[in-house]
Each structure stands twice: as C-alpha cells, then as structure tokens.
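Enquirer: So the protein sequences, as listed, match chains A and B. No gaps in the numbering here: position 110 of the first sequence is 110 in the numbering used here, and each next residue is one more. No gaps in the numbering here: position 132 of the second sequence is 132 in the numbering used here, and each next residue is one more.
Simulated from the structure, these hints should not be mistaken for lab results. Some hints could be false.
Claimed, not checked - Mimicking DSSO-like on lysine-lysine, the simulated pairs with C-alpha atoms at most 30 angstroms apart in a straight line are:
1) A/Lys12 / B/Lys127
2) B/Lys118 / B/Lys288
3) A/Lys128 / A/Lys112
4) A/Lys128 / A/Lys56
5) A/Lys56 / B/Lys288
6) A/Lys128 / A/Lys98
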Amino acid sequence: MDSGILISQSDKRPIYLQIIEQIKRRIAVGDWSEGQSIPSIRQLAVDIQVSVITVKRAYLELEREGVIVTQQGRGSHVASTPGLGIRLHQEELQQHLKEAIRLSALLGIEPKELESRLREASDDIAAKERS
Amino acid sequence: MTNFAIKLDGVGKKYRYFTLDNIQLELSPGQIMGLIGPNGAGKSTTIRILMGLIHQDHGDVRVLGHRMPAEQVAAKWDIGFASEDMRLYDAMTLDWHMRFIRSIYPQWDQTYAQLLLKRFGLRAEQKIKGFSHGQRVKATLLLVLARRPRLLVLDEPTTGLDPVARHEILRELTAVMNDEGRSILFSSHNTQDVEQISDQITFIDRGRIIDSLDKEAYLNRWRRLRLEAPLGIELPALPGIINIRQSGRLAIATANEFVPGIAAAYENSGARIQMIENMTLEEIFVAKVELSRDEHEEVGA
Numbered sequence: 001m002d003s004g005i006l007i008s009q010s011d012k013r014p015i016y017l018q019i020i021e022q023i024k025r026r027i028a029v030g031d032w033s034e035g036q037s038i039p040s041i042r043q044l045a046v047d048i049q050v051s052v053i054t055v056k057r058a059y060l061e062l063e064r065e066g067v068i069v070t071q072q073g074r075g076s077h078v079a080s081t082p083g084l085g086i087r088l089h090q091e092e093l094q095q096h097l098k099e100a101i102r103l104s105a106l107l108g109i110e111p112k113e114l115e116s117r118l119r120e121a122s123d124d125i126a127a128k129e130r131s
Numbered sequence: 001m002t003n004f005a006i007k008l009d010g011v012g013k014k015y016r017y018f019t020l021d022n023i024q025l026e027l028s029p030g031q032i033m034g035l036i037g038p039n040g041a042g043k044s045t046t047i048r049i050l051m052g053l054i055h056q057d058h059g060d061v062r063v064l065g066h067r068m069p070a071e072q073v074a075a076k077w078d079i080g081f082a083s084e085d086m087r088l089y090d091a092m093t094l095d096w097h098m099r100f101i102r103s104i105y106p107q108w109d110q111t112y113a114q115l116l117l118k119r120f121g122l123r124a125e126q127k128i129k130g131f132s133h134g135q136r137v138k139a140t141l142l143l144v145l146a147r148r149p150r151l152l153v154l155d156e157p158t159t160g161l162d163p164v165a166r167h168e169i170l171r172e173l174t175a176v177m178n179d180e181g182r183s184i185l186f187s188s189h190n191t192q193d194v195e196q197i198s199d200q201i202t203f204i205d206r207g208r209i210i211d212s213l214d215k216e217a218y219l220n221r222w223r224r225l226r227l228e229a230p231l232g233i234e235l236p237a238l239p240g241i242i243n244i245r246q247s248g249r250l251a252i253a254t255a256n257e258f259v260p261g262i263a264a265a266y267e268n269s270g271a272r273i274q275m276i277e278n279m280t281l282e283e284i285f286v287a288k289v290e291l292s293r294d295e296h297e298e299v300g301a
C-alpha cells in the first residue's frame, strides 16, 4: 500500500510531526477510512525512507490521540471511531483559531474586533466567489 | 551477550597523537546507528576496531556475538563492510567482482544483485577502470548488499556522491530494515542523512563518545527559545540551558535538556516567549561539540 506520505526537507518541523499531520489528513479526506488497516511501522519506515524509531514515535502519538490503534503482532489500523474524519477537520480548525487568537493578542486586538474581522474576511471570500 | 549486533565495552587505543578513550557502544538488531563526528574524531578508528582490522589496547568488542579481533573470521561471514579506501580491481569488470564475491559467500542473492545493478545504473560488463567515483562507491555497496549480511558496517557511504546517488543508497539502506534481524552502523559527515535514517545516534569528538542514544529522544531534548525581554532585565541562568545570547530586547536560549518548566521560568522573570523551535541534528551537533570542547578545556585548565 502506497502511503502517499512525503517528507519535506524545507519543512522546519520534526519528521515525526510531518508524518502525524499527513496521516491525519489522509483520514480527514477519507482516503483512509475508519477501521482500515494501515502500513506497519517498519513498512512505512522503509516506504518513506526514515528511521523505524521516528515512525514509531508518530504512531505512538497518533494512538494516544485515539486516531489509530496498534496491536502487537497484528499491525495498525485507523480507529473505528465514527466521525473521526470530521473530528480531525474540527481539530485543524481549532488550531487555526488558536493561532489567530495568539496573533491578535500580540497586536492588541480585542476578541470583539477579531470577530468582526473574521466576518469581513468571510464576506470578502463570499463576494469573490460570486463574481 | 549475543543480543546486541555490536557491543563495545571500555574500548581504548592509544596512538602518538590520538587516543580513542573508553568507547561504549551498543547496537540492537533491527536498528540503524549513525556515527557522526568531525574529521579526525575517531569514527574510522572505531569502525576498524570493531571490524578487527585494528586491535584495541584494552576493552571488550563483540560483533554478532563474536569476540573481536579473536573471532573475526567467524564474524565476517555475516558482516558487510565497505569503506572509502577499499579497492576494486581496475582491470576487471564489475561482473568479475560479482562472481568472485559469489564464489566466497554462499548466501549471495543474484536476483537482488541484478536489481541493484539496474537501480544504481551500473553495467556489469564494464571494467572498473572506467567507473566514476560515484559508480565505484555504488559498485562496492552492491557487492556488500547482495550478500544480505546481518550487519552492515559502512564508513562514509554517501561521501562525495551526487544527490541522486545519495538517495539511491539511502533507499537501499532503509530497505534493509524490512528484516528485523538486520542492523546497520554507518559513519557520515552528512548530518541530514543520519537524521533521516538512524534509530540511534552516536557522536564522537576527539576520541571520546560525547552522546549515544535514541534519535527521537535526543532531538526532543534540544530546543531553541526566542525570547523578548524588557531592557535592563537579565535573564536567569537555568538548568538545561547551555547558551543564552541577549541583544537589545531579544534573546535566544539553547536548551539541551528542555522541559516546559524552562519556558515558564523565563516568563516568571519578565520575558515573553516568542517561539520555541526544534533544532536539526546539524545544529545540535555543532552546539554539542562546542559545549563539550569548552567543558573539556575548563577541566583541563
């Protein structure tokens, strides 16, 4: 099975985080469905040419977050949680919101103002799509 | 102990201008270890000792359960060793070399050898004389890989190669890990290669091992903190911080034992954390060598 995972050298984040993010994205877009088996740690390591220990770290983290399940000797699969893909999208949105709030705080923007800026931005996008 | 692919215990070797001092090293089956260090740090000497090519003055060396150098003949059936100074016969073809190795090692895998010829873009019927540096390196590795040894010991396998050749080789090395019983020890100046494919990292500098551990744990301990501190505030010296550079309102702190408490402690002292960055192995390597030399010189003074 081709994992479709590609490690970017210009991405400043550690490799294990890149693996986590790309696996979550595969699940979020529905390529990897709930309960589906995924490459073993060793298979993925060989496939994307990174060390076993790095993939292991990514899998442990994904397991802790309830995204995948790894069974000794039986490989790993996507957790059978209904709505997992949607949950991952939600988490991504939450991350972006947190980042927006952090940057606003740096600029001294109040939550009320951030709200109206968000509304403006969304109106802007809607207007562009109509035209 | 036969559990380790490689185990060095208290190994030393004294030369007139260089001493290899109390080397401890353990490599488990199924793992790749990257050996890094500046030029002349002792990487090749360590490799030569564990191959039985140089005899240690003291200390215990076991490779695949065999004591070295005493049992090197038995050990070498299952070790594939390649280093830069290995010579192929210029007047002979690659095919001649392949038949030669095949006649010695019964486990030679001809199908895999043919596949490697194709992947490395080598011609078996060509004489070594006409090979470029990169082709020679690839030919040497082919001769070693096609034996499918349980342990690969490679001294600078990617040095002097173009990016495409480097990737071809890294791909074959990671493919070895399909088999949990096999292991690789390789030395390199290229920290990016080591960071990508090693499970274990060993740093050598001036004949001593300054770190040897699990790569993920290792990378995880190091961080760079970018701080903003009002003028006039001196940032406290914290345990786990090896270096802090303050200039104007901005400061950069390097942590080699990072815990979230460090960030909290800076914030309590009036600074604001702008960013906490991970460091690449190369950045860690340089910081670590500088730190270890400083400490060494202080002790020596």
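Enquirer: Now tell me, hint by hint, if it's right for this structure.
Expert: Status of each hint after checking the structure:
Proximity of A/Lys12 to B/Lys127 is assessed by CA-CA distance (about 44 angstroms); at most 30 angstroms being required, the pair is judged violated. Our distance criterion of 30 angstroms between C-alpha atoms is broken by B/Lys118 and B/Lys288, whose separation comes to about 41 angstroms. At most 30 angstroms may separate the alpha-carbon atoms for a hinted pair to count; A/Lys128 and A/Lys112 meet this at roughly 25 angstroms. Pair hint A/Lys128 plus A/Lys56 does not hold up; C-alpha atoms about 44 angstroms apart against a cutoff of 30 angstroms.
For the hint pairing A/Lys56 with B/Lys288, the CA-to-CA distance comes to about 26 angstroms; that is within 30 angstroms, so the pair holds. At roughly 26 angstroms between alpha-carbon atoms, A/Lys128 and A/Lys98 fall within 30 angstroms of each other, so this suggested pair holds.
Violated hints for the displayed structure, listed by number in ascending order: 1, 2 and 4.
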